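Peer 1: Those sequence lines, one after another, are chains Y and S.
The numbering used here puts the first residue of the first sequence at 1, with every later residue one more than the last.
The numbering used here puts the first residue of the second sequence at 1, with every later residue one more than the last.
Fair warning: there could be bad hints in the mix.
Okay, derived cross-link-like pairs now, DSBU-like style, lysine-lysine, Cα gap no bigger than 30 Å in a straight line [said to hold, decoys possible]:
no. : chain 1 : residue 1 : chain 2 : residue 2
1   : S       : Lys-125   : Y       : Lys-70
2   : S       : Lys-24    : Y       : Lys-71
3   : Y       : Lys-189   : Y       : Lys-14
4   : S       : Lys-100   : Y       : Lys-189
5   : Y       : Lys-135   : S       : Lys-76
6   : S       : Lys-178   : Y       : Lys-70
7   : Y       : Lys-189   : Y       : Lys-135
8   : S       : Lys-177   : S       : Lys-100
9   : Y       : Lys-71    : S       : Lys-100
Partner residues are not named here, just some residues of chain S that face chain Y (Cβ under 7 Å, in silico) [stated by the list, open to error]:
no. : residue
10  : Pro-50
11  : Ser-54
12  : Ala-65
13  : Met-66
14  : Gly-73
15  : Gly-74
16  : Gln-75
17  : Gly-87
18  : Ile-90
19  : Met-92
20  : Leu-95
21  : Leu-98
22  : Gly-99
23  : Lys-100
None of these hints come from the bench; they were simulated from the model.
Keep in mind that this is a model prediction, so the values were computed, not measured.
The beta-carbon is built from N, C-alpha and C at its ideal position, and this holds for glycine as well.
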Amino acid sequence: MSDFVLDRGEVFPKLIENPQDYLIITGLAGASRDVAGICGADGVNYYAMAGAMGGAVAMGLGLALAQPDKKVLCVTGDGELLMNIGSLATVAVMNPSNFGIICVDNGHYGETGNQVSHTGHSTDLAVMASGAGIKQVRTVAQEGDIADAAAVVKGGNATFFVHLKVNDNPPPRIKRSLDANYTKTEFRKALLGEA
Amino acid sequence: MPFDIPTPAPGDPTWPYELYKLLKDAGVTQFSYVPDAGHRVLIDLSLADPDVHSIPLTSEEEGVAMAAGAHLGGQKHVLLMQSSGAGNCINMLSLPRLGKFPFLTILSMRGDFGEGNPWQMPMGKWVQPVLESCDVMCLRVERPDEVIPTVEAALTMAFQSQESVAVLLSQKLLGAKKFA
């Protein structure tokens, strides 16, 4: 666990220079609060899950294929990603140039009692992303790694995977709507002008 | 140039080609699947068609989440799977249910009429009660002439009424796989 040192509240915002330039799908729990922290609780350019664990990457892929002229991000945690790790292979096959994944990996199941997760033991998600066939993969484990990864997030000419390793400090405490239909409608109104 | 759907070979069933045309005419642009022989024609047509996305999945539940993402972005998605894949989708079905996302899946049945592989029987028997208990409406098709009207009805309920709908293509329609 020696390289899980960065604080997510400090580092995550540095990866995304202008959050409003992106459509974002978040996995449940910490990742949704990381994104709410930069987009606001009432932001309409992101769709945050509070369940459906394992679906964030695939949902992001569906959105990216539907909106090829927009930059689409999936922000999710290590546990959420591991539940459907095969999604990385699906993403690699489709390889949409407007899509990227940021995995905020704290090596723990933070919502359930902070049990050590697989990544806290031995699993390396960046290696799994490379193995799935994703070409642009970056690991951010110290301050010096941030600038290059932020450039990949901003540049976006091929699908990317940023593996952000953080300590188990909590994500921002932000209250947001858990109404999955309301947030869908707000997102679609903002993007498509229709409910 | 628009994609021309090829003519079926003599003796081949025509409904898979008519079904592909129906889905495309209804505006479906994303076809996802874990491959199954019962969906061979639809999968091959989506792969050959430059106007749609043809997406191989590692697990069927990815298609449930992708369909919701497609709707957020204004596209229509259909998930093609074998009946055994229904079990992989259960938790993810909470997303279309809770968010009122349109969800349409077409299942090719194993483990029903004339099945010779006992490993297919459990999910074959469970798929409809399990999906219905997750509030997914199931429409079963047994004859070629039922395919188009049934999927037409399913498209309307999914994309206009924001329901989760599964069309089950039975082995009476598809024919049971032969085992020696």
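Peer 1: For every hint, state whether the structure bears it out.
Peer 2: Hint by hint, here is what the structure shows:
1. Pair hint Lys-125/S plus Lys-70/Y does not hold up; C-alpha atoms about 43 Å apart against a cutoff of 30 Å.
2. Annotation: proposed proximity of Lys-24/S to Lys-71/Y holds, straight-line Cα distance about 26 Å (limit 30 Å).
3. Between Lys-189/Y and Lys-14/Y, the direct Cα distance comes to roughly 28 Å. Compliance with the 30 Å bound is thereby established for this hinted pair.
4. Distance hint between Lys-100/S and Lys-189/Y is fulfilled; the C-alpha atoms sit about 15 Å from each other, no more than 30 Å.
5. Annotation: proposed proximity of Lys-135/Y to Lys-76/S holds, straight-line Cα distance about 28 Å (limit 30 Å).
6. Pair hint Lys-178/S plus Lys-70/Y does not hold up; C-alpha atoms about 48 Å apart against a cutoff of 30 Å.
7. Restraint check for Lys-189/Y and Lys-135/Y: not satisfied, since their Cα atoms lie roughly 34 Å apart, outside the 30 Å limit.
8. Pair hint Lys-177/S plus Lys-100/S does not hold up; C-alpha atoms about 36 Å apart against a cutoff of 30 Å.
9. For the hint linking Lys-71/Y to Lys-100/S, the alpha-carbon distance of about 25 Å falls within 30 Å, and the restraint holds.
10. Because the smallest distance between the Cβ of Pro-50/S and any Cβ of chain Y comes to about 14 Å, over 7 Å, the interface hint for this residue is violated.
11. Residue-level restraint check for Ser-54/S is violated (minimum Cβ-Cβ distance to chain Y is 9 Å; threshold 7 Å).
12. Hint on Ala-65/S holds. Least Cβ distance to chain Y is approximately 3 Å, under the 7 Å limit.
13. Annotation: interface hint on Met-66/S holds; nearest CB of chain Y at approximately 4 Å, less than 7 Å.
14. About 3 Å separates the beta-carbon of Gly-73/S from the nearest beta-carbon of chain Y, less than 7 Å, and the hint is met.
15. Taking 7 Å as the C-beta contact cut-off toward chain Y, the hint placing Gly-74/S at the interface holds, the least distance being around 5 Å.
16. Contact between Gln-75/S and chain Y, as hinted, is supported at the beta carbon level, the nearest pair being about 4 Å apart and thus within 7 Å.
17. Hint on Gly-87/S is violated. Least Cβ distance to chain Y is approximately 14 Å, over the 7 Å limit.
18. Checking Ile-90/S against chain Y by beta carbon gives a least distance of about 11 Å; that is not within 7 Å, so the hint is violated.
19. With 7 Å as the threshold, the beta carbon of Met-92/S comes within range of chain Y, its nearest partner Cβ sitting at about 5 Å, so the hint holds.
20. For the restraint placing Leu-95/S at the interface with chain Y, the shortest Cβ-Cβ distance is roughly 4 Å, inside the 7 Å limit, so the hint holds.
21. With a least beta-carbon distance of about 4 Å to chain Y, the hint placing Leu-98/S at the interface is held under the 7 Å criterion.
22. For the restraint placing Gly-99/S at the interface with chain Y, the shortest Cβ-Cβ distance is roughly 4 Å, inside the 7 Å limit, so the hint holds.
23. The interface hint given for Lys-100/S is met, as the beta carbon of that residue sits about 5 Å from the closest beta carbon of chain Y, less than 7 Å.
The structure shown violates the earlier hints numbered 1, 6, 7, 8, 10, 11, 17, 18.
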